[in-house]
Structures are given as structure tokens and as C-alpha cells.
Amino acid sequence: MIRFDGVGKRYEEGFEALSGIDLAMAAGEMAFLTGHSGAGKSTLLKLIMLMERPSRGQLLINGKNLNRLHRSQIPYYRRRIGVVFQHHQLLFDRTVFDNVALALQVSGHQPQEIGRRVRASLDKVGLLDKEKLNPLQLSGGEQQRVGIARAVVHKPKILLADEPTGNLDPDLSSAIMQLFRDFSDVGVTVLIATHDIDLVERMNERVLHLKNGRLSADEA
Amino acid sequence: MNRYRDKRSDDAIVPREVSGGAVLRRLGWGNRVDGWLDSHRNNGRDSLARLWAEPVQSMTTILVIAIAIALPAALWVAVSNLQQLSGSWQNSARVSVFIDKDIAPKLTQQLIDKVRLMPQIETVDYISPEAALNEFQQASGFGEVLALLDVNPLPGVLVLSPTPELVSDIAGMTVLLDELGTLVGVADAQLDMQWLQRLQQILEMGRRMAVLLGFTLALGVLLVIGNTIRLAIESRRDEILVVKLVGGTNGFVRRPFLYTGLWYGLFGGMIAWVGVVLGGIWIDHKVVSLAVLYQSSFSLIGIGGEGLLVLAILGAALGLLGATLAVGRHIARIEP
Chain A
1 MIRFDGVGKR
11 YEEGFEALSG
21 IDLAMAAGEM
31 AFLTGHSGAG
41 KSTLLKLIML
51 MERPSRGQLL
61 INGKNLNRLH
71 RSQIPYYRRR
81 IGVVFQHHQL
91 LFDRTVFDNV
101 ALALQVSGHQ
111 PQEIGRRVRA
121 SLDKVGLLDK
131 EKLNPLQLSG
141 GEQQRVGIAR
151 AVVHKPKILL
161 ADEPTGNLDP
171 DLSSAIMQLF
181 RDFSDVGVTV
191 LIATHDIDLV
201 ERMNERVLHL
211 KNGRLSADEA
Chain B
1 MNRYRDKRSD
11 DAIVPREVSG
21 GAVLRRLGWG
31 NRVDGWLDSH
41 RNNGRDSLAR
51 LWAEPVQSMT
61 TILVIAIAIA
71 LPAALWVAVS
81 NLQQLSGSWQ
91 NSARVSVFID
101 KDIAPKLTQQ
111 LIDKVRLMPQ
121 IETVDYISPE
131 AALNEFQQAS
141 GFGEVLALLD
151 VNPLPGVLVL
161 SPTPELVSDI
171 AGMTVLLDEL
181 GTLVGVADAQ
191 LDMQWLQRLQ
201 QILEMGRRMA
211 VLLGFTLALG
221 VLLVIGNTIR
231 LAIESRRDEI
241 LVVKLVGGTN
251 GFVRRPFLYT
261 GLWYGLFGGM
271 IAWVGVVLGG
281 IWIDHKVVSL
291 AVLYQSSFSL
301 IGIGGEGLLV
311 LAILGAALGL
321 LGATLAVGRH
331 IARIEP
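Protein chains in written order, with the working numbering: chain A, 1 to 220; chain B, 1 to 336.
Treat the hints with care, since some could be wrong.
Looking from chain A toward chain B, a few residues come up when the C-beta cut is under 7 Å (computed) [said to hold, decoys possible]:
| no. | residue |
| --- | --- |
| 1 | 57 |
| 2 | 60 |
| 3 | 75 |
| 4 | 78 |
| 5 | 79 |
| 6 | 89 |
| 7 | 106 |
| 8 | 108 |
| 9 | 109 |
| 10 | 110 |
Simulated from the structure, these hints should not be mistaken for laboratory data.
Please read these numbers as outputs of a predicted model, since none were measured by experiment.
Heads up, the beta-carbon is just placed ideally off N, CA and C, and yes, glycines get one too.
Start from the sequences and build out the full structure, keeping to the hints where you can.
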């Protein structure tokens with residue numbers, strides 16, 4: 001589902017964020033991306049999101065070479081990926097429901113369909129009763145779960161998460177990781193960047209370790 | 001949980017291309033059009049609600065646009081009124097042909113017949129020297145003085161009304177006057193209303209100035225709307241980033257801002273119309289009392305119902321154009 005062939009990323013300022021990355025993930029697989037801050041975790045996720053383009057090598061998603069994807073195709077490509085950010089990126093000028101619905105509105109779904117799927121998604125993360133609230137009224141963990149609901153509401157093939165448990169206590173972190181595992185169980189490819197080593201060890205999943213922009217360990 | 005499992009079996013054949021094609025197929029065209037229309041409805045309503053949310057700021061922008069539209073519109077209406085007024089005077093444009101005092105009455109009759117046959121002339125009235133004297137005596141109050149004269153000093157006059165087409169045709173009028181001047185028995189031919197033709201020229205100039213002013217101010221409206229939209233884009237930067245990350249196309253991102261521009265222009269045009277109407281009513285009051293003094297039934301022609309349509313469409317078009325120019329420049333720069 002995800003394949004990196006000798007991918008490197010050098011920023012214009014000359015900083016080598018990633019080099020010689022070779023890696024493959026099958027559909028439905030779950031993996032953690034670990035490493036110190038600055039090791040290239042975010043850059044790797046950004047390459048998959050096409051927020052950045054690789055400077056070298058090829059990145060294949062679902063068999064499709066992203067280097068050949070035209071700019072105008074990027075939005076349609078992103079609709080097949082779900083992404084959860086550390087700073088959940090929720091919009092505070094609208095309700096929880098509308099935040100989640102945004103991911104469906106962009107692809108022109110009908111309102112009834114949107115309502116049904118948004119509620120199913122909020123139900124999945126246990127926030128169905130909070131749909132009318134503003135995200136500001138929610139706790140940090142709840143906000144993070146709204147972000148996850150938004151990331152999965154359009155049933156993506158790939159789910160990416162950048163430090164999704166960054167500022168949550170261990171119990172909440174475990175609950176959120178369990179959510180990710182559920183998605184992986186139903187065939188979503190899940191890649192989570194985190195530096196929470198304890199949590200990673202408890203989950204017992206594949207771990208990709210980045211060091212200075214290189215893949216230094218790949219343990220199943 | 002089950003929902004996702006179902007999903008997986010649906011997608012046993014994973015669409016090979018990661019493109020819009022797959023999305024289209026899944027949604028179906030009917031649903032897609034409905035969704036698109038719905039998105040437009042939402043965007044229209046939402047951008048309207050945003051204008052309401054900041055009434056002072058929105059109203060300031062709308063008023064600036066309204067003023068910029070109202071000025072040329074008012075000038076246009078004023079010029080149209082003057083043109084209409086001068087047109088009604090023009091129907092009373094007359095050529096006076098003074099007859100040589102020394103010619104025989106028989107020649108006078110021949111002259112009248114000849115002039116009557118000219119195609120440029122609609123009506124011919126003959127005022128004999130005696131009739132002219134009578135009229136003058138009654139109207140001027142010099143009756144007794146005039147009675148002291150042995151000879152009637154007034155010539156006979158032919159009062160001609162030219163065809164309406166000729167009145168506005170200065171060259172044709174000059175030819176007519178020359179032609180009349182060469183006829184036997186004619187002492188002089190004069191057009192009473194040469195000043196009116198000059199007025200026509202001035203009004204035509206005024207009309208062009210209204211158009212020029214309109215273009216200049218339209219440019220101003222574009223800049224005002226462009227700047228307002230630019231600020232709106234900046235203030236919704238986070239939202240744009242999120243929308244782009246969840247797969248919103250540039251078109252989707254642009255849409256609410258285009259609606260904002262459309263509303264600004266539309267309301268600006270409508271308020272401009274109200275302004276021109278109110279100004280017209282205020283002036284019309286004076287115009288009517290002035291017209292009464294001149295024993296005229298003239299009254300202002302307002303901008304009218306079509307005027308509302310024209311200004312609203314014009315404003316909306318300017319708003320949309322200004323917004324289009326602004327989003328084209330600024331939205332592409334905001335990339336996650």
C-alpha cells in the first residue's frame with residue numbers, strides 16, 4: 001500500500017531531512033514511526049500527504065507513483081488518506097459535527113449522507129453526544145478524538161498520525177491507540193509517528209526507527 | 001466496526017488510479033450534482049452570515065461600493081433628464097424666414113407654396129406684417145406709440161417647423177438655412193435654437209464623462225473588494241489549510257470568497273440604487289415647483305425599476321470579478 005524506493009528529501013536551505021528511505025507497508029498493516037525530534041518523522045508523513053515532494057527516489061501509494069501525480073490531482077488523492085495531527089487542527093468557529101463533516105463536504109457528499117457518516121464516525125470515537133458543542137468546550141483527549149473522527153469519516157485507505165498522543169495521559173493514549181488498531185483490523189493501513197516509547201512497546205506492532213533522516217531499524 | 005468491514009469488501013477491487021475518477025464512480029453523478037448544489041447553497045448562506053457577523057465592517061465596504069456605483073449612475077440619470085428636457089424643447093425648434101418688405105404679395109404667396117413643398121419642412125405658418133404688428137401691439141404695451149408710425153416697420157414672417165430628424169442634424173440644418181436664404185423674396189432665415197444644439201453636444205459630453213467616471217470607479221470597486229477578500233482569506237488561513245489537507249480542491253476553497261465578493265457587490269449596487277432614488281425624490285420636489293413657474297409639466301425621470309436590476313447586476317459582476325482576481329492571487333499561496 002505504501003512503498004518508499006530510495007526516497008530522499010533535501011530542503012532548499014540544504015538541510016537533508018530524509019535520505020535513502022526504503023520501506024514497504026501492506027494494506028491493513030499498522031506501524032509506528034519513532035525517532036528524536038528532527039529525525040525526519042514529520043517529513044516522511046508530509047511526503048505521503050504530498051505536502052512535500054521527494055527530492056530523490058520514488059514513493060508509491062497503492063501502486064501509483066506520486067511523482068507522476070499532477071498538482072491538480074492532489075486534492076483527490078488526499079481524499080483517500082486520513083491524517084491526525086498533534087495539534088489536532090480543529091476549527092473553533094464551528095461545531096464538532098461541522099469539523100468532522102468538512103472532510104466529506106469537500107468531495108460533494110449529500111447532506112443526509114454526511115449526517116449519517118459523521119455520526120457513525122463520532123460514535124466510533126465515543127463523542128456522539130458532543131456533536132453540537134464547540135471543540136473549545138472539549139478536553140484535550142476529546143479534541144484529539146474529534147481529529148480522529150475527521151480523519152476516518154471518509155473511510156480512507158491510509159491513516160497517518162503525527163504525535164496523536166503528544167499531550168495526553170497514558171490511559172487516554174492507550175484508548176486512542178486501541179482506536180487506531182481497530183481501524184487497522186478492518187484493513188486501513190495505519191502509520192503513527194510518536195516518541196512515546198513505552199506506548200509503542202506495549203502495542204507490540206511494527207516499529208520503524210528514524211535516525212538523522214535514515215531508517216535505522218525496522219522491527220516487527 | 002461493521003461499517004468499515006463492509007467497506008473493505010466493497011473495495012476488494014482497489015481502484016488503481018488514485019484520482020477523482022474513483023470518487024466520481026463511488027458517488028454517482030446525480031448525487032454529485034446534488035452535493036455540488038448543496039455546497040453552493042451552504043456557501044452562499046454561510047458567506048452571508050459572515051457579513052452579518054461583522055456588520056460595521058461589512059457595511060463600510062458595502063457603502064464604499066455603493067458610493068462608487070451611485071456617483072456615475074446619478075450623473076447618468078441627470079444627463080438623461082437634461083437630454084430628455086432638451087428633446088422636448090427641440091420639438092418646438094422653429095426656423096423664422098423674414099420676407100423682403102418690398103416684394104409683391106403675389107411673390108409672397110409663391111414663396112409660401114415653394115417652402116411648403118420642401119421635404120425638410122413639416123409645417124409653415126405665415127404671419128403677415130399686419131398680423132405681426134397686431135400681435136406686437138397687444139403683447140408689448142407699445143400700442144399707442146406704434147399707432148403713431150405711418151408705415152408698418154415689421155416684415156412678414158414664415159415660421160417653419162423642420163422635421164424632427166433634421167433638428168438634431170446640425171449640417172442638414174445649415175444647408176436648409178442656406179437654401180432658404182437664396183430663395184427670391186427672403187431677407188433672412190434664422191434658427192431660433194442654435195443654443196439647443198450646443199446643449200446637446202455638452203450633454204453628450206456629460207454622458208461620456210459618466211461612462212468614464214463609471215469605469216474609473218469600477219476599478220476602485222475592484223480594488224476595494226479585492227482588498228477586503230484578501231483580508232478575509234488571511235483571517236481564514238487555518239480553515240483553508242485544513243480544507244486543503246482533507247482534499248478540498250482550489251475551487252472548493254475559492255467558493256465562499258467568491259460568494260462574499262458577490263454579496264458585497266450586489267448589496268453595494270442595491271444601496272446605490274436606493275441612494276439615487278432618494279436623491280432623485282429630493283431634487284424632484286424642487287424641479288416640479290420650478291417647472292410650475294415655467295408652466296411646464298416637466299418632472300424628473302427616476303432611475304426606475306430596471307435601474308435596480310442594472311445596478312444590482314453590475315455590482316454583483318464587479319464583486320465577483322474583484323473576488324476572483326483576489327482569490328486567484330492569494331489562495332494558491334496558502335499550502336499546507
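Results of checking the hints against the structure:
1. With a cut of 7 Å, the hint placing residue 57 of chain A at the interface with chain B is violated, because the nearest CB-to-CB distance is about 18 Å.
2. A least Cβ separation of about 10 Å between residue 60 of chain A and chain B goes past the 7 Å threshold, and the interface hint is therefore violated.
3. Interface hint at residue 75 of chain A: satisfied, since its Cβ lies 4 Å from the closest Cβ of chain B, which is below the 7 Å cut-off.
4. For the restraint placing residue 78 of chain A at the interface with chain B, the shortest Cβ-Cβ distance is roughly 4 Å, inside the 7 Å limit, so the hint holds.
5. With its C-beta approaching chain B no nearer than about 4 Å, residue 79 of chain A sits inside the 7 Å limit, and its interface hint holds.
6. A least Cβ separation of about 5 Å between residue 89 of chain A and chain B falls short of the 7 Å threshold, and the interface hint therefore holds.
7. With a cut of 7 Å, the hint placing residue 106 of chain A at the interface with chain B holds, because the nearest CB-to-CB distance is about 4 Å.
8. Given hint, residue 108 of chain A at the interface with chain B, holds; its Cβ is 3 Å from that chain's nearest Cβ, closer than 7 Å.
9. Given the 7 Å rule on beta carbons, the hint for residue 109 of chain A holds: about 5 Å separates it from the nearest Cβ of chain B.
10. Here the hint on residue 110 of chain A is kept, as its CB sits about 5 Å from the closest CB of chain B, short of 7 Å.
Violated hints, in rising order: 1 and 2; the structure is consistent with all others.
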